[in-house]
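Chemist: Residues per chain, in single letters:
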Amino acid sequence: MAELIARPPCQGLLPLEIGTTTLSETDAGVLTSIMPFKGQEAALSEALIAAHGMAMPAANRTTGRAGIRAIWFGRGQVLLIGPSPHEALAWYAALTDQSDAWAVVRLEGAGAVDVLARLLPIDLRATQFKRGHTARTELMHMMASITRVGDQAFQIMVFRSMATTLVHDLKTAMEGVAARR
Amino acid sequence: MRIAGKGLIDRSKPVRFVFDGVGYDGFAGDTLASALLANDVRLVGRSFKYHRPRGVLTSGSEEPNALVTVGNGAAAEPNVRATVQEIYTGLEAKSQNRWPSLSMDLMAANDLAAPFLGAGFYYKTFMWPSQFWEKLYEPIIRRAAGLGALSGESNPDKYERAYAFCDLLVIGAGPAGVMAALVAARAGADVILVDEDSRMGGRLLAENCEIDGVPGVIWVDRVLSELSAMDNVRLMSRTTVTGAYDGGTFAALERVGHHRAARHAGLPLETFWRIVAKRSVLAAGALERPVAFRNNDRPGIMTAGAVRAYLNRWGVVPGQKVAVFGNNDDAHRTARDLLAAGVHVAGLIDSRHNAPDATGFPVYKGAMVSDTTGRRGLESITIRSVSGEDKLATDCLAISGGWNPTVHLTCHLNSRPVWCDDILAFVPSPSGVPGMGVAGACSGAFSTDRCLREGAAAAVAALEALGKSAPKTQIPDAEDAPYAIAPLWAVPGRGRAWLDFQNDVCVKDVKQAAVENFRSVEHMKRYTTQGMATDQGKNSNVAALAILADVTGRAIPDTGTTTFRPPFSPVAIAAMGAGAQGKGFAPERFTTSHAASVERKAPMIEAGLWYRPSYFPVPGETTWRQSCDREVDMVRHTVGVCDVSTLGKIDIQGPDAAEFLDFVYTNTFSTLKIGRARYGLMLREDGHVMDDGTTARLGAHHFLMTTTTAAAGQVMRHLDFVHQGLRPDLDVAMVSVTEQWAQFAIAGPKSRELLNGLFDADLTDAEWPFMACGPVQVMGVRGRLFRISFSGEHAYELAVPSRYGDSLFRTLLARADTLGGGAYGMEALNVMRIEKGFITHAEIHGRVTAFDIGMERMVSSKKDCIGKTMSERDGLSGADREQLIGLNPVGAVKQLTAGAHLFNADDDPVRVNDQGYVTSVAYSPTMGHMLALGFLKNGRARHGQKVRMVDHLRDLDALCEVVNPVFFDPDGERARG
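Sequence order for the protein chains is A and B.
Residue 1 is where the first sequence starts when you use the numbering used here, and the numbers rise one by one after that.
Residue 182 is where the second sequence starts when you use the numbering used here, and the numbers rise one by one after that.
Hints listed in this document are in silico derivations from the structure and should not be mistaken for laboratory results.
Treat the hints with caution; some may be incorrect.
[What the hints assert, rightly or not] Calculated from the model, a selection of chain A residues having no Cβ within reach of chain B, i.e. all distances over 10 Å: (1) E3; (2) G53; (3) A58; (4) A59; (5) N60; (6) A93; (7) G109; (8) R125; (9) S145; (10) G150; (11) R160; (12) A163.
[What the hints assert, rightly or not] A few chain B residues that face chain A, going by a derived Cβ cut-off under 10 Å, partial list only: (13) F346; (14) H440; (15) A442; (16) A446; (17) L448; (18) F766; (19) T772; (20) H775; (21) M785; (22) I786; (23) L790; (24) W922; (25) P982; (26) H1133.
[To be verified] With a straight-line cut-off of 30 Å between C-alpha atoms, the simulated DSBU-like cross-links for lysine-lysine are: (27) A/K38 <-> B/K854; (28) A/K171 <-> A/K130; (29) B/K764 <-> A/K171; (30) B/K194 <-> B/K275; (31) B/K653 <-> B/K459; (32) B/K1049 <-> A/K38; (33) B/K1044 <-> A/K38; (34) B/K1043 <-> B/K854; (35) A/K38 <-> B/K546; (36) B/K692 <-> B/K305; (37) B/K275 <-> B/K546; (38) B/K854 <-> B/K1049; (39) B/K546 <-> B/K692; (40) B/K1043 <-> A/K130.
The structure presented is a predicted model; accordingly, all values stated were derived computationally and were not measured.
For every residue, glycine included, the Cβ atom is placed at its ideal position computed from N, Cα and C.
Construct all of the structure, not just a fragment, from the sequences and the given hints.
Modeler: Structure below.
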């Protein structure tokens, strides 16, 4: 039998390099939304530590490291990025596969903060939004998840169907920043 | 005329530019205004109403006269202030509001009609018969009056929006502003220093002054280079803070591209900033006000501070023989600077009898300028004193009526400025904007020394509020000259004495307003148009107010001020809406099958933000109807494939998931078996229908809800609200999985044949009866299969993770093609659902109840649900309600239209006889005629009756028979079988 062929969300759109900033698609692995059942937050955090070596993140924070990360994803919701979730987690939380639901890109370079300042209404100063900090906010007209993953690197996520608009908006902002130099 | 050795322009960089078709030379660092004055071009524009010749009045953004259009064609930018526009090689500027040319403007005839065009002209004209206004006067006035015009073409320029955050925002980079920024920055605060000029320094660039023993320009450059080397400081020049808003938010407009000859691709013309600051310091300086006297608007008459600025900053003198007229000591500074630069000062006219003496030029104490001559530029002035009138030949008159602190931003949150008798001006109210300190000339401190001290003090106060300790700061040495002033607003006398140059408002207009009882300052403003348009009265507000106070016998503070509102200076709508042009208007959501659909030349239709294929044309088809009819036929006889991924999908899990669904749906889901789906109906809290869809039970505690495409967000929000606000006791978790799954409908008698071969085992009715659902392995990928039907045919929906959507869609189409089937789009989908009487949001449009659509029995009597009680209110059910019906055309007219209204066959088709309306129509290839769904009073009891469908907009009148809304296969045999 023939096989189904997988297409990443930003196929044909990325990578881009404009000025001092690059935009590339991230193969994030498995994405799982984790929503703790009533009163199970502490037990879930223990289970997450036991299974994946990281605690549940607080609001606007992440835990873990590159390649295996838990990011706060809204009220009562965390997104596990990287590994398949250990089945023990299902005792404490609703687990939902979201691996195909999000376009995940990485914006990196000296102008990254300036680019995002044109699209996001949040304070991205290094003193306020440190590595490992995350936010659910709007990027231009799209709801997005933004995480600082390096001094000059950000992970940006929007709905998969909006990948074209995401690249359009980021490219426009990147061009505007680059043209000033 | 350029003065050798003066100014901050770069004489090693000549710049060639064009004004009104003539080429001129200037230098890097020139504004259009300074370069034109250096070339002895004095006439730069015509006034708004009277088309009077006008020259440059000021040297800043408050300029009322020197407005020009920059650029050509679609990119032409009207109403650019020549005093702000920097020149670059290739700059092309044109004067405005003149015809045929600036020097010979035929519209200047308006000047002769001045007696008719005074205060209240428009209001009085409106009193005439309205036809006269619309057909005669308005076109004439519109042609004659006005500023620059837009090109009328789509704007090709790019604009940008951006956000910035800081501890302290300092507005204005004059001595007070840079001092505040320096103190705060040294203390480690995050500082943004904003200045609207191309070069920071404020009046230090325009004055002959020293700070700490060095010229002010050198001092400020040293401070700025210290600031620019600090990581915690951002310097934003060419940026005007245009508004103060709640929560420490400020709007600011940055001119990014206006001064560049060659713009890199992607460079914005302007960036509209939103700056959020914990504290702010306003150091916006002050604006000099002219004095009103007869013919005070001729080219060559300027504010005294502007004459100094042109001399000291740009090395330009706007005349050969300069006279100065003022009521304060500051005016003397202009005469002294000119004299020191070797310019002939014809005389200084000071209205004060106790004016200081001077050497090098005559001082006329206790005298005033009462008139001027010179049609296209100043030639002479008339000096009136106790000894009579004298004429003095001069081609440039520098006037100073005193300085008005730039209080605007402090008033944006509705506070009023406070009158200060010492300086005869308004100063900011201390509580104007929370968190904002005011320093320097904008608080009424006019000496350099006081500016520096106030700047430092404002920074210290801000640091204290931020919880940071301020380092000890030495205040640099600077002049601390007193500011002596005596009142002088208007020189008494006949003739027109201009207050508002931009709107041609004279002293007599303000007096006339008062005579006609427009005594409130707000009324006077509207009646005379004083303070309107691009300069918003920056040059005239206080003087107009003083004159109104005088004629109404009140003190100035009792007369009050008009309201200062954002923006401080004009902001292009394009800048505020930046990024939202074209593709930026709204996100585009594309399905995984988008590329394959476009390859098949399917036109797209928008559903919310989604793009969905309308139909899939095959060779020979020239209209959408041909394609649509074929696709319907195809699904009814073989098999069709349609992307239904856009429907909202919500994953619902938890021990109380079933109970939660019982509460949000009218019908019961706790009884649903695992591996089965059920149609559900949801009400709003007010009892009306909100949405419908199928929900599948994937496990004991696991459901998958589907929603209408466009209602997905609304339903998700509703579920979150119900859970958080109404039933927090329930242990349930919800998340959207719309994007996770690509889902395709495979519909038609051959649907099972198409699917068999994709899975490990063939599908059977026993294992996959109607409304069954469950996991499947699709070509090695974990998918989900649902046997549900929106077409009325034997149909399935197959879902796979979205990454495989494109591949699966192509696979399904290839298989469909071999079976004589193919893809179908929204048009065919809509036709088939109308044939089956399935509702969409065309029917459940927000005003209908479950009763209206014949689903009242779906509201379970055994349990409560959202909206149940409210749906039982009187009037929401019964024979008076308009109920869902089907319509078949039975008369001569066979066309039916959505939006048409229904009437009894014998009634007049007028509003009072309205019986209902049509919501959806389609041509049914299955039935061979048009069908309609609609709502009719007591409709379910009227099947078989005839009604008239009348579309008053499209002029249609069709006789219809009322029928069961399920036109095709009413028993549902095809979907089950």
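Chemist: For a C-alpha distance cap of 30 Å, please report whether B/K692 and B/K305 respect it.
Modeler: It holds: about 17 Å lies between the C-alpha atoms, which stays within 30 Å.
Chemist: Less than 10 Å between beta-carbons is the criterion; does B/H440 satisfy it with respect to chain A?
Modeler: violated, 13 Å
Chemist: Would you say A/A163 is clear of chain B, with no C-beta pair closer than or equal to 10 Å?
Modeler: violated, 8 Å
Chemist: Classify the hint on B/A442 as holds or violated, based on whether any CB of chain A lies nearer than 10 Å to its CB.
Modeler: violated, 14 Å
Chemist: At a threshold of 10 Å, is the proposed contact between B/T772 and chain A supported by beta-carbon distances?
Modeler: For B/T772, the interface hint holds, since the closest Cβ of chain A sits about 7 Å away, which is under 10 Å.
Chemist: Is B/K194 close enough to B/K275, meaning Cα to Cα at most 30 Å?
Modeler: holds, 23 Å
Chemist: Going straight from one Cα to the other, do B/K1044 and A/K38 come out at no more than 30 Å?
Modeler: holds, 24 Å
Chemist: Hint check: B/K1049 vs A/K38, CA-CA at most 30 Å. Holds or violated?
Modeler: Cα-Cα ~28 Å, so holds.
Chemist: Checking the smallest CB distance to chain B, is A/A93 really beyond 10 Å?
Modeler: violated, 7 Å
Chemist: Was the hint right that B/L448 lines chain A, CB cutoff 10 Å?
Modeler: Hint holds; B/L448 Cβ to chain A Cβ min 4 Å, cut 10 Å.
Chemist: For the hint on B/I786, does the least C-beta distance to chain A fall short of 10 Å?
Modeler: violated, 16 Å
Chemist: Given B/F346 as an interface hint, is its Cβ closer than 10 Å to any Cβ of chain A?
Modeler: holds, 4 Å
Of the numbered hints listed earlier, those contradicted by the structure are 1, 6, 8, 11, 12, 14, 15, 21, 22, 26, 35, 37, 40.
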